[in-house]
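Chains as they are written, first to last, in our numbering: chain H, 1 to 341; chain Y, 1001 to 1341.
Since the hints were made in silico from the structure, they are not lab data.
Even glycine gets a Cβ: it sits at the ideal position worked out from N, Cα and C.
One should not assume that every hint holds.
Here are some of the chain H residues that sit facing chain Y, going by a computed Cβ distance under 8 Å [to be verified]:
hint	residue
1	48
2	148
3	218
4	219
5	222
6	223
7	242
8	245
9	337
10	339
Mimicking DSS-like on lysine-lysine, the simulated pairs with C-alpha atoms at most 25 Å apart in a straight line are [what the hints assert, rightly or not]:
hint	chain 1	residue 1	chain 2	residue 2
11	H	191	Y	1080
12	H	255	Y	1094
13	H	278	Y	1278
14	H	154	Y	1197
15	H	80	Y	1191
16	H	278	H	327
17	Y	1094	Y	1327
18	H	191	Y	1154
19	H	255	Y	1278
20	Y	1327	H	154
21	Y	1080	Y	1179
22	H	197	Y	1179
23	H	154	Y	1278
2 protein chains.
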Amino acid sequence: MRIAIDALGGDLAPAEPVKAALESAARHPDYTVLLVGERATVEPALAAAAGGGGAPGNIELVDSEGFIAMHAEPVSALRKQPGASIPVCVGLLKSGGADAMVSAGNTGAVVAGSMFGLNRLPGVRRPGIAAVFPALTEAGRCLLIDVGANVSCKPVNLYQYGVMGSAFARLILGVATPKVGLLSIGEEEGKGNLLVKETRRLFAERGGAFEFRGNVEGRDIFGGDVDVVVCEGFVGNAILKVAEGVSETLLRTIKAEVQQMVAGGDGGDGQALGAALKRLKQKTDYAEAGGAPLLGMTGHVQICHGRSDGRAIANAVTSAARMVEQKINERITEALHAHAT
Amino acid sequence: MRIAIDALGGDLAPAEPVKAALESAARHPDYTVLLVGERATVEPALAAAAGGGGAPGNIELVDSEGFIAMHAEPVSALRKQPGASIPVCVGLLKSGGADAMVSAGNTGAVVAGSMFGLNRLPGVRRPGIAAVFPALTEAGRCLLIDVGANVSCKPVNLYQYGVMGSAFARLILGVATPKVGLLSIGEEEGKGNLLVKETRRLFAERGGAFEFRGNVEGRDIFGGDVDVVVCEGFVGNAILKVAEGVSETLLRTIKAEVQQMVAGGDGGDGQALGAALKRLKQKTDYAEAGGAPLLGMTGHVQICHGRSDGRAIANAVTSAARMVEQKINERITEALHAHAT
Chain H
1 MRIAIDALGG DLAPAEPVKA ALESAARHPD YTVLLVGERA TVEPALAAAA GGGGAPGNIE
61 LVDSEGFIAM HAEPVSALRK QPGASIPVCV GLLKSGGADA MVSAGNTGAV VAGSMFGLNR
121 LPGVRRPGIA AVFPALTEAG RCLLIDVGAN VSCKPVNLYQ YGVMGSAFAR LILGVATPKV
181 GLLSIGEEEG KGNLLVKETR RLFAERGGAF EFRGNVEGRD IFGGDVDVVV CEGFVGNAIL
241 KVAEGVSETL LRTIKAEVQQ MVAGGDGGDG QALGAALKRL KQKTDYAEAG GAPLLGMTGH
301 VQICHGRSDG RAIANAVTSA ARMVEQKINE RITEALHAHA T
Chain Y
1001 MRIAIDALGG DLAPAEPVKA ALESAARHPD YTVLLVGERA TVEPALAAAA GGGGAPGNIE
1061 LVDSEGFIAM HAEPVSALRK QPGASIPVCV GLLKSGGADA MVSAGNTGAV VAGSMFGLNR
1121 LPGVRRPGIA AVFPALTEAG RCLLIDVGAN VSCKPVNLYQ YGVMGSAFAR LILGVATPKV
1181 GLLSIGEEEG KGNLLVKETR RLFAERGGAF EFRGNVEGRD IFGGDVDVVV CEGFVGNAIL
1241 KVAEGVSETL LRTIKAEVQQ MVAGGDGGDG QALGAALKRL KQKTDYAEAG GAPLLGMTGH
1301 VQICHGRSDG RAIANAVTSA ARMVEQKINE RITEALHAHA T
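Next up, chain H with everything else stripped away, as it sits in the complex (with noise of 0.2 Å):
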């Protein structure tokens, strides 16, 4: 199995996709780690985190032109730096010298490359991106989908966006039936927009090796009865950014709460607190569940946050080769084949 990072891409590059590089390396002895970005700023990043010994033999270097700003408008900076890390993380996948690619760098860009350079399987209509929620699952995981690929989805996306959904919860999340529940505001058949009365029409008659739930409320996510979320981008978009707001304001005002314990004197107890709060602020942060995936296209393309460390990269690694091994595209090839109309 070969794997790209992208050295250049998040904010804390290349320090932290080099550490990641790394991690995956020792993790993975039989797997191959390219690290693509410019030679010039990535080999000494990796000697230096690397150290005496040097790197590992199982990580290569894929050398690239420059790399995408993380705000640049992502299809005139594809046209414009075709050379960049992430075109060449895509052409990579393209051409088979790799099985999976992750990046934490320009989400629109990834996607946007991985649209243009790759193929959508066959039967999809739209590739959707996965966020992994901690949940109170069986599994521990919540995916919501889309959170960002589609703006704009037909019923269609919705239904298939359930279907590769409950494939990952299955093959990468071990759920045996995941249950896959379409994001509306009630629960009740007669409310929603009419996206979601017809989407939930297609679910009834197509169905699928997944058990369907019918609406769900945004609470739903975390609540633990549905191990898949389906939604438009626009609306999962701003369900994953009110979520990572609210969790990290809250943790913030708690933090300071402990602070000022600690600092009136009651040491021990409120730094155990503190350690506490910094295994939640780990579980609940979404970065660390191992990316998304965009799921939909001929590869495999984990996308992370931006602000993702080394080691939320090195399990986003893990990820796309469990979804390389699982083969989890020929499973939703075959899984839209068997229910389409």
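Position chain Y relative to chain H; hints supplied.
For chain Y alone, coordinates are given in the frame of chain H:
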């Protein structure tokens, strides 16, 4: 001032609405509080809550027939139960028997009842529900409008939500020049769906008594850079539920950690932190913020969360009273007139 409280609305009715009536009557001795609900249910609840001294003179009971269940389909419920507490409250607004109403009952029924029973303010195309979130703004609050009155919006609806929301921010939250953001999936001008792009243009064309800050993301609701965020009701409702879900899940997890610490013998400190958490929960509990005003109708309607306790409902009464005093509806009408094309 006369304010109607739906005595039978919410998961904790009639006990909590009745407590809210007592608290409101005490807070505002010059106002009349109308408790609307079946006399046979409300009278004994009021007597029990008021204790030996009896209810104060500025509480009046208004009889109704039954109540609309929390999950009933609003339109058919209103048709079948024209004498239920929600339509009776709306009727009081319509007849001038009350200046404002507050309900923790079926939100859909409150909205539909208001739409049928009241008129839209001159110039208003569609009313919107504004949720009041805790935020890092100077006022400590950020409005998200609409959170469910209008699932399928046109650009003019979102523009008008900006006008109405900024009137609320100015008159009720005391923000001199409210900053209004348009919810999108990236701050760049080109991002978002078609609705966002057209709405952005409309804000730029018409302007208003606010500062339009362009596109914002979900996390900006809590970030302090904007006082009002406008979005389609479907998206806003999903966001509201997600924010509740994340906040509850996190606080529950932290509470469990604290309890473990207390059980482990770290009594004093754990208890202090438990109290701190309780304060935090109140601060971040959207139910506490004083209810969500339905803006754009002739009459002042405050919608409370179904789980609201007496204090939360009383806060909504105070907020409703302030809207009446500040003549928010006249100000909204003027603002829309001044910036109509």
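Taking the hints in turn, this is what the structure says about them:
1. Using the Cβ-Cβ criterion of 8 Å, the hint placing residue 48 of chain H at the interface with chain Y is not satisfied: the shortest such distance is roughly 33 Å.
2. Hint status for residue 148 of chain H relative to chain Y: holds, with the closest Cβ pair at about 6 Å, below 8 Å.
3. Below 8 Å, beta-carbon pairs count as interface contacts, and residue 218 of chain H has one with chain Y at about 3 Å; its hint therefore holds.
4. Interface hint at residue 219 of chain H: satisfied, since its Cβ lies 3 Å from the closest Cβ of chain Y, which is below the 8 Å cut-off.
5. The beta carbon of residue 222 of chain H comes within 4 Å of a beta carbon in chain Y, closer than 8 Å, and the hint placing it at the interface holds.
6. Among the interface hints, the one on residue 223 of chain H holds; its C-beta lies about 7 Å from the nearest C-beta in chain Y, closer than the 8 Å criterion.
7. The restraint placing residue 242 of chain H at the interface with chain Y holds, with a minimum CB-CB distance near 4 Å, inside the 8 Å limit.
8. Residue-level restraint check for residue 245 of chain H holds (minimum Cβ-Cβ distance to chain Y is 3 Å; threshold 8 Å).
9. About 30 Å separates the beta-carbon of residue 337 of chain H from the nearest beta-carbon of chain Y, more than 8 Å, and the hint is not met.
10. Nearest Cβ of chain Y to the Cβ of residue 339 of chain H: about 27 Å, over the 8 Å cut. The hint is violated.
11. For a cut-off of 25 Å, the pair hint linking residue 191 of chain H to residue 1080 of chain Y stands: about 19 Å separates their Cα positions.
12. Note on residue 255 of chain H and residue 1094 of chain Y: the hinted pairing is violated, with a Cα-Cα distance of about 49 Å set against a maximum of 25 Å.
13. Restraint check for residue 278 of chain H and residue 1278 of chain Y: the C-alpha separation of about 20 Å stays at or below 25 Å, so the hint holds.
14. Proposed proximity of residue 154 of chain H and residue 1197 of chain Y is supported: the alpha carbons are some 19 Å apart, at most 25 Å.
15. At most 25 Å may separate the alpha-carbon atoms for a hinted pair to count; residue 80 of chain H and residue 1191 of chain Y meet this at roughly 19 Å.
16. Between residue 278 of chain H and residue 327 of chain H the alpha-carbon distance is near 35 Å, which puts this suggested pair outside the 25 Å criterion.
17. Of the pairs offered as hints, the one joining residue 1094 of chain Y and residue 1327 of chain Y holds, with about 17 Å between alpha carbons and a cut-off of 25 Å not exceeded.
18. With a C-alpha separation of about 19 Å, the suggested pairing of residue 191 of chain H with residue 1154 of chain Y holds against the 25 Å cut-off.
19. With a CA separation close to 15 Å, the supplied pair residue 255 of chain H and residue 1278 of chain Y stays within the 25 Å bound.
20. The suggested pairing of residue 1327 of chain Y with residue 154 of chain H is violated, with an alpha-carbon distance near 43 Å, which exceeds 25 Å.
21. Taken as a hint, the residue 1080 of chain Y and residue 1179 of chain Y pair is broken in the structure, with Cα atoms around 43 Å apart against an allowance of 25 Å.
22. A hinted pair counts as satisfied when its Cα atoms are at most 25 Å apart, and residue 197 of chain H with residue 1179 of chain Y does not qualify at roughly 35 Å.
23. The suggested pairing of residue 154 of chain H with residue 1278 of chain Y is violated, with an alpha-carbon distance near 44 Å, which exceeds 25 Å.
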